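Quick mapping for you: the protein sequence lines, in order, are chains A and B.
Everything in the first sequence is counted per my numbering, starting at 1 for the first residue and increasing by one.
Everything in the second sequence is counted per my numbering, starting at 116 for the first residue and increasing by one.
Hints in this document: simulated from the structure, not taken from any laboratory.
These numbers were taken from a predicted model, which means no experiment stands behind them.
Don't take every hint at face value.
Covered stretches of chain A, going by a simulated chain B footprint (3 or more residues, C-beta under 8 Å) [what the hints assert, rightly or not]:
1) 40 to 46
2) 50 to 62
3) 78 to 86
On the chain B side, residues computed to face chain A include the following (Cβ under 8 Å) [said to hold, decoys possible]:
4) Leu-159
5) Leu-163
6) Leu-166
7) Lys-173
8) Gly-174
9) Ile-175
10) Gly-177
11) Lys-213
12) Phe-221
Ideal placement from N, C-alpha and C gives every residue a C-beta, glycine not left out.
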Amino acid sequence: ETGVTQSPTHLIKTRGQQVTLRCSSQSGHNTVSWYQQALGQGPQFIFQYYREEENGRGNFPPRFSGLQFPNYSSELNVNALELDDSALYLCASSSGYRGRNTEAFFGQGTRLTVV
Amino acid sequence: AQSVTQLDSQVPVFEEAPVELRCNYSSSVSVYLFWYVQYPNQGLQLLLKYLSGSTLVKGINGFEAEFNKSQTSFHLRKPSVHISDTAEYFCAVSVRMKTSYDKVIFGPGTSLSVIP
């Protein structure tokens, strides 16, 4: 058991709405990364937070935003939802200086469906 | 730009037979290499990783992988598969970016089906 928990596990939203996904990192981990996994594909890197600051971002538009809190838990916010945002969203936590990914632990994911 | 290729999208194999899942990557800088497994409706679980040192890496559940720098490959092998190995397998590389964070790039995945 990795200790990374995500909520909710499933979510259905309407196009144009906003959504917030949550992640509780494994104890002692100061870095969290978010990934989008579309059906039948590998995870795609969205962004990474280290000690409450975004320190890396993939090719995702600004309507994808995040937060990391002092207890290192994290949120992923998506505004103006589009049908193509339907995917499994994965959170991964790791420890080390500025998130050196020698090992990342993944949560079970949140399945988002946009209709 | 860095990328990861998994040459086989689907691999069927009979129970107790050996299996190899292939992974090639491209990167102009040194990388860390990983294999993850994903069971249906679950997150990713780390099977094994290569950071440095010995090129043969052993992981959980009897899996191993060999890093070949000249061929930029990191193939995953298991000498005898079980029904419970049926899952999606992802190869990934971690690349140090100029802004001092590690970006993890995943391959498209290989679906391993173990046939009784």
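Identify every previously stated hint that the structure contradicts and give their numbers, smallest first. Structure breaks hints 3, 5, 7, 8, 9, 10, 11.
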